[in-house]
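Protein chains in written order, with my numbering: chain A, 75 to 395; chain B, 75 to 395.
You can take every hint at face value.
Which copy is meant is left open, so a pair is good if it fits within one copy or across any two.
Computed cross-link-like contacts, DSS-like style, restricted to lysine-lysine with a CA-CA straight-line distance of at most 27 angstroms:
hint	residue 1	residue 2
1	LYS179	LYS163
2	LYS329	LYS114
3	LYS106	LYS261
4	LYS247	LYS285
5	LYS179	LYS166
6	LYS106	LYS247
7	LYS304	LYS285
No lab work stands behind these hints: they were computed from the structure.
Here is how the chains run, residue by residue.
There are 2 protein chains.
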Amino acid sequence: MKRGDIMSPYDVVIIGGGPGGLSAAIYAARAKMNVLLVEKAGLGGQIAITDVIENYLGFPSVSGAELVSHFEEHVKSIGVPTRYAYVEKISKERGLFLVSLGEEKISAKSVIVASGAEPSRLGIPGEAEFIGRGVSTCATCDGPFYRGRDVVIVGGGDTAVKEAIYLSRLVSKIYLVHRRDALRAEKILQERVLARPNIEFLWRHKAVEVKGDATGVTGVEVEGVDTGKKRSLSVHGIFIFVGIVPNTGFVDCEKDSGGFISTDENMESSVPGLFAVGDCRDTPLRQVAVSVGEGAIAAVRAGEHVAELEGKLYSGKSASN
Amino acid sequence: MKRGDIMSPYDVVIIGGGPGGLSAAIYAARAKMNVLLVEKAGLGGQIAITDVIENYLGFPSVSGAELVSHFEEHVKSIGVPTRYAYVEKISKERGLFLVSLGEEKISAKSVIVASGAEPSRLGIPGEAEFIGRGVSTCATCDGPFYRGRDVVIVGGGDTAVKEAIYLSRLVSKIYLVHRRDALRAEKILQERVLARPNIEFLWRHKAVEVKGDATGVTGVEVEGVDTGKKRSLSVHGIFIFVGIVPNTGFVDCEKDSGGFISTDENMESSVPGLFAVGDCRDTPLRQVAVSVGEGAIAAVRAGEHVAELEGKLYSGKSASN
Chain A
75 MKRGDIMSPY DVVIIGGGPG GLSAAIYAAR AKMNVLLVEK AGLGGQIAIT DVIENYLGFP
135 SVSGAELVSH FEEHVKSIGV PTRYAYVEKI SKERGLFLVS LGEEKISAKS VIVASGAEPS
195 RLGIPGEAEF IGRGVSTCAT CDGPFYRGRD VVIVGGGDTA VKEAIYLSRL VSKIYLVHRR
255 DALRAEKILQ ERVLARPNIE FLWRHKAVEV KGDATGVTGV EVEGVDTGKK RSLSVHGIFI
315 FVGIVPNTGF VDCEKDSGGF ISTDENMESS VPGLFAVGDC RDTPLRQVAV SVGEGAIAAV
375 RAGEHVAELE GKLYSGKSAS N
Chain B
75 MKRGDIMSPY DVVIIGGGPG GLSAAIYAAR AKMNVLLVEK AGLGGQIAIT DVIENYLGFP
135 SVSGAELVSH FEEHVKSIGV PTRYAYVEKI SKERGLFLVS LGEEKISAKS VIVASGAEPS
195 RLGIPGEAEF IGRGVSTCAT CDGPFYRGRD VVIVGGGDTA VKEAIYLSRL VSKIYLVHRR
255 DALRAEKILQ ERVLARPNIE FLWRHKAVEV KGDATGVTGV EVEGVDTGKK RSLSVHGIFI
315 FVGIVPNTGF VDCEKDSGGF ISTDENMESS VPGLFAVGDC RDTPLRQVAV SVGEGAIAAV
375 RAGEHVAELE GKLYSGKSAS N
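Model the full assembly from the supplied sequences, consistent with the hints where possible.
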């Protein structure tokens with residue numbers, strides 16, 4: 075009987091091989107749970123496409139690729155079975171989860187969703203080319219690399235405004251480019267950002283091109299929404315905050331208005347035994363450090379869920395497996 | 075005017091140099107906050123006295139001392155001012171915190187308490203000598219090192235029983251030593267632990283001596299509470315779960331019945347601007363990974379609190395500092 079068949083379910087299937095999923099995998103494997111890690115592309119998640127990371131404790135300054143290789147080495151040292159496949163659907167039947175990978179269905183006593191989220195892009199020339207070399211979607215991550223320099227921020231919602239306040243302490247000058255004539259962020263944030271002395275607001279403007287050379291971004295071309303008039307801004311960075319979309323379409327449970335999975339402090343969703351960690355969760359902060367902590371919590375709680383389930387499923391039999 | 079004077083408060087004072095405090099320090103310093111780290115003894119917290127750590131993502135297997143040195147290097151690379159002093163009291167006056175270090179008082183706009191907790195000890199011969207070499211207070215941390223071996227667990231509360239269930243999947247046999255004739259853990263946990271096939275319960279017994287040699291623990295001597303009859307157990311490990319005491323006596327805010335600081339999901343306590351992270355908090359899991367994530371969250375939120383306060387304190391003046 076193959077592990078993952080309905081009669082021989084995994085203790086836990088972890089969906090997503092970013093920091094949250096990998097940390098969960100390590101905790102689950104060390105607890106001797108039968109664990110399967112499912113990843114659609116390559117391990118590492120968003121950090122795999124991150125240039126430099128300087129805020130994950132223990133690694134003063136490391137490239138995203140290098141950090142991923144440390145994480146991979148760690149998971150390999152414990153021996154976590156990994157499958158590269160796309161999860162289409164998770165359903166729950168008679169207390170067991172069924173994870174659909176194309177034709178095949180894998181059964182599990184618990185599931186940890188660590189499927190991440192993707193920042194929305196503008197889709198303008200130069201944007202994709204300079205991601206990680208001047209184009210950023212995270213001020214907490216990349217802001218300190220722009221100390222004393224000029225940058226563009228695109229967006230006008232809560233995230234754009236919060237990140238503008240944060241960045242205004244670090245950088246020399248910010249051009250905040252917003253296609254409307256007012257911010258959408260909550261009032262108190264608006265007041266705070268409008269009071270910052272080093273932010274120039276370009277209302278009813280949009281970014282139309284990112285320019286750069288071998289050193290990275292050198293400027294951003296903006297255009298008046300009504301006027302069509304163009305202006306070239308000489309900056310070293312552009313931060314894009316026009317939304318973030320979680321990869322949670324395949325899972326059915328309570329989510330917030332943005333599609334992020336709602337959980338309790340133990341990372342358990344509205345469906346018992348179904349956990350969510352990292353960027354796909356309604357987490358207070360999307361950072362490697364946070365995902366790694368959440369992964370640990372979810373794995374330990376998943377272990378407790380499995381122990382509880384074993385009592386029900388195999389009552390009378392030995393509880394060990 | 076010296077930073078920390080009432081007219082020139084720190085943006086944030088972080089109390090405790092374990093993983094939670096150090097992670098918070100890195101996030102705060104990178105956000106260009108004026109930060110002071112206060113530590114009573116040496117950096118690292120509980121991990122400084124931990125033998126081997128294998129579950130902090132990115133470090134497959136590392137000694138506690140080595141991990142502390144990586145953490146220290148990281149904090150030094152950013153340059154976080156650190157003071158070695160004992161915090162006697164935190165009070166709040168007119169929106170500012172006063173942190174008492176003996177005679178001196180340091181002022182701050184926000185405080186992150188990362189002061190940790192200490193597991194209670196039995197105070198028996200051999201216990202202190204073999205801490206980290208067979209004597210453990212954390213099954214999630216050390217359990218996997220005892221695969222296929224026999225161990226003793228001391229205690230009968232929720233933690234002892236949860237950890238016994240966890241360990242029973244890893245080790246060969248557990249002797250659970252409890253001074254009473256019934257467990258104090260919640261009923262459902264009791265049922266679950268009593269069903270495990272590889273746990274022998276030694277009711278109304280106490281551990282009286284830990285024995286060992288150069289290789290570590292080799293046995294534990296137990297004694298009947300009523301009978302005084304001794305028995306030698308041949309084991310490689312002893313896990314002690316007789317309580318954990320948080321270092322939170324110096325701070326006045328909402329705490330749970332055990333003295334752990336209650337917070338919301340942003341790590342903010344009942345006192346606005348006062349945060350708590352790691353083992354001293356009512357956290358769902360006491361692990362390096364969790365503390366590191368919580369430190370990041372608290373620092374970012376503390377930054378938001380400071381920005382808010384600046385609007386109030388210096389209205390009319392520039393909001394930058």
